[in-house]
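Participant: Residue numbers (the numbering used here), protein chains in the order written: chain Y, 1419 to 1612; chain V, -16 to 255; chain E, 10 to 464.
Wrong hints could be hidden among the right ones.
Below, simulated DSS-like cross-link-like pairs (lysine-lysine); rule was C-alpha separation at most 25 Å, straight line [unchecked claim]:
(1) Y:K1450 to V:K136
(2) V:K224 to Y:K1451
(3) Y:K1574 to E:K414
(4) V:K166 to E:K44
(5) V:K136 to Y:K1510
(6) V:K211 to V:K192
(7) E:K455 to V:K192
(8) V:K166 to E:K455
Derived list of chain V stretches under chain E, where covered just means 3 residues or more per stretch with a C-beta under 8 Å from a C-beta of chain E [stated by the list, open to error]:
(9) 100 to 107
(10) 165 to 179
For the record, the hints were derived by calculation from the structure and aren't laboratory data.
Virtual Cβ for every residue (Gly too), placed ideally from N, Cα, C.
As a plain string of letters, each chain reads:
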Amino acid sequence: MRYLIIIVGAVLVNNFVLNRFLGCCPFLGVSKKTETALGMSGAVVFVMTVASAVTWCLDHWLLDPRGLGYIHTLAFILVIASLVQFIDIAMKRFVPPLHAALGIFLPLITTNCAVLGVAELNCKNGTPFLESVLFSFAAALGFGFALVIFSGLREKLAWADPPRCFRGIAVALVTAGLLSLAFMGFNGLVKLPY
Amino acid sequence: MTAIITAILVIAGIGALAALALAIADKYLAVQEDPRIGLATAALPGANCGGCGFAGCADYARALVAGTAAPGACAPGGDAVNAELAKILGVAATATEKRVALVKCCGTRSEAIRVGDYNGICDCSAAAATAGGDKGCRFGCLGYGACANVCPKHAISITDGLAVVDKRLCIGCGKCVSVCPRKLIELVPASATIHVLCNNPVRGPEVTKVCGVGCIGCHLCEKSSGGKEANHFTFNGFLAKVNYENPPTDATLADKCPRKCIREDAHFETGI
Amino acid sequence: MKTVQSAFKFHGGVHPQYNKDLAASKPIEAMPLPKQLVVSMSQHLGAPAKCLVKKGDAVVKGQLIGERNGFISVPVHAPVAGTVAAVEQRMGPAGGWADAVILDVSEDQSAAPAFLPPLDWKSATREDLLARVNDSGICGMGGAGFPSAVKLNPPPDKHCEYLILNGAECEPYLTSDYRTMLERADRIRAGVEIMRKILNGPAVRIAVEANKPDAIKALEKAFADIEGNVEIVVLPVLYPQGSEKHQIYATVKRIVPEGALPIAVGCVVENVGTVAAIADAVEKGIPLTERVTTVSGDGVVEPKNVLAPIGTRYADLVAFCGGEKDGVRKVISGGPMMGFNVPHLEIATTKTTSGLLFFTSAKVFQYTSNACINCGRCVRACPMQLNPAFICSAVESNDIAAAQKMDVMDCIECGACSFGCPAYRDITQNCRRAKASIRAAAAAAKAKAAAAAAK
């Protein structure tokens, strides 16, 4: 039950993009087409889950025992960036089809604030390993969920004929705001553990 | 003090480890890709116009390196880019002449009659599907801007019910050629200055019924440009066509045409 | 033989004002021969016929003047005796240009017509009957003009279980099929028996809309003593009930797959007028050279159902009906929902011209399109269950690929979406535009591939 609450909380109630406003750049950047949004979501789910596992280990085994909690942001950036690069290279070599699908998005999310944010949150809340990974996975799912919804809206938005000053990114931001308001409606759905 | 040193050491250690891992990965796991692909992509203009027949510049670059395409197909880039590409690939450059789109019609609203009121959607293929289009001439420009809508460089404008190409902006990608339901746009060498702006091959009396400036195939242009031997014009039915292998240069030809459908370049560059 | 009510209603549809009373009570009237006919070589779906005559040739009634040119094509016959004045390109009702024989009609029509010998369908073989349908230039007379001989000769792996006669005539104003059913029910019966033989005895369903009770009665009388599985199916009044796919659903509840012909679900659908023409072609040897055309609308003096030779210019047709009145603003060839707007009256009738409508400015609706208000009325009206609103928006912003993804190619262009649109949007026209663009792109790709292969 606790795990389910974590998932619902991260996907709907505290959606990373629409409620915590993390990862806004890919949210606006790769949401023009649903196909690319799906690819991006896949890449984010992958990277966030792996990154949170690695950063948890780093935090609990290396930094915390030495009282170095204050530099974890710095350490996380370093580790996540090189990790994504490493995954990129390895994926290209060993699973080319997956690389063809997700490859172009991987460099985009090397030091994405959502990835870093989930690591920071795990640290702050001091959650156990399994819950951290699950939380990251659910947060990434929530990110993908919002991204895919938003890309669907933007595909339709491209056919609209708004006033000149609203065209392009302006009306997209207005739509993102409305979507965020809509997600506020999930507030109070579950009692969040953290 | 120790805290700072520990922190520096830890971060430096993580950095060094990561760098080492990446270096090893790059050395042993990297997939070799032809560096010329990157060079060729960089050399291309990046307009992604598709004029070369490939899906964008990067795709063309890949085809170039793979040997399935030859340099010289990039119209927007022109000779400079093609020479650069040839250098990267190590082959001799083939010169391409810059080509621009030409709308072979000069029947403006005042010259060409319209047989009905068309009040449907503003698109040529839709108009052509409605009783064959409202223009009396079934070969002429409908003027609903299908070509102007697809032009990546906004080089086509609709002036007085007629599409007009701005030669300075046109990159010769040929997108307009394929969308025109009347098939009257052609890519011609940019250096040619005299054009026959008509696309109607039917007999003279039928042309004059529907248009004040339609070609009737009187061959006067051929005669005044040195006869058949000079080979400046070809004829398709009752329609004269400039032979772009050997285009005429005599500007007075425009005045000699009794139907005023031969125009000098200046006219179609700045609008008729 | 029994009469049943249709139990299956297709999705969507609209109820336009039918206005059939203008011409419904007018018996079919043969018109005196005009001075000149314009007989097009492209009166059907598929490749145009190959013209066999040249300027100055004398032809007699029923003489073959255009030869079948390909598998999906039908021959063309001279409707009357006369002299060929010219063979030139002329515009057809749909706006396409094709070769046409300009025929000066002779004053003396006494020359023996070149009809084929009559056949007794009971003793003739299936192949003979099929060849006769083929040689008589018969194509679907409802609108699309699909060659009947192709329909009646399904590929060997397909079996026709149902022969469906289309007497729905769901287009407003048109009454030519209604009059044919009323006055020529016996010919329709003869045609049904011939077609049944050609198709190896399928069950027969005669689909008629409920707003034609006299036609149903006339058919019941004519078919009273017919043997075998024959039913008259009374369809609810709903546009587009006459669309082939929807009629199949409404009569036998089968769904024709995307892009397939009705034979894929074991059905052959034929217009009632075509069935009567088949009977004439077999029993009397008369090729398809004349048809009933409804001339109606508020801009014509006397609306009529005219039996006119094929190739009669619209100007002659309206002159026979007393001429135009009250300032005609729009002329439509075919029905008002799916017909073609014609720019002038020099255009001539073809084998598929079921109606010619004249409208004054009182009936012609002038409008400007507004923004879509997302009311979904078009979605509810679409008989193909598409999303016309989204398709229209996509096409308007030149996103043809998105329209294709939304299955715009399944659109039957019935006009139900535009009919009810409160924002007066040109939905059907945008769908047609998208279809035209997709077809043009496909043709261009094919030509490119062919050129590459030739290289």
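Participant: A separate judgement is required for each hint: does it hold in the structure or not?
Facilitator: Status of the hints after comparison with the structure:
A hinted pair counts as satisfied when its Cα atoms are at most 25 Å apart, and K1450 (chain Y) with K136 (chain V) qualifies at roughly 22 Å. In summary, the hint linking K224 (chain V) to K1451 (chain Y) is not supported, as the alpha carbons are separated by about 45 Å, beyond the 25 Å threshold. A threshold of 25 Å between alpha carbons decides the hint, and for K1574 (chain Y) with K414 (chain E) the separation of about 13 Å falls inside it, so the pair holds. Of the supplied pair hints, the one linking K166 (chain V) and K44 (chain E) is violated, its CA atoms being roughly 37 Å apart against a limit of 25 Å.
Restraint check for K136 (chain V) and K1510 (chain Y): the C-alpha separation of about 37 Å exceeds 25 Å, so the hint is violated. Simply put, K211 (chain V) and K192 (chain V) have alpha-carbon atoms about 29 Å apart, too far for the 25 Å limit, and the pair is violated. For the hint linking K455 (chain E) to K192 (chain V), the alpha-carbon distance of about 36 Å lies beyond 25 Å, and the restraint is violated. For the hint linking K166 (chain V) to K455 (chain E), the alpha-carbon distance of about 17 Å falls within 25 Å, and the restraint holds.
Chain E is given as covering the region 100 to 107 of chain V, and this holds because 4 residues of the stretch bring a CB closer than 8 Å to a CB of that chain, at least three being needed. With 0 residues having a Cβ less than 8 Å from any Cβ of chain E, the region 165 to 179 of chain V misses the three-residue criterion, and the hint is violated.
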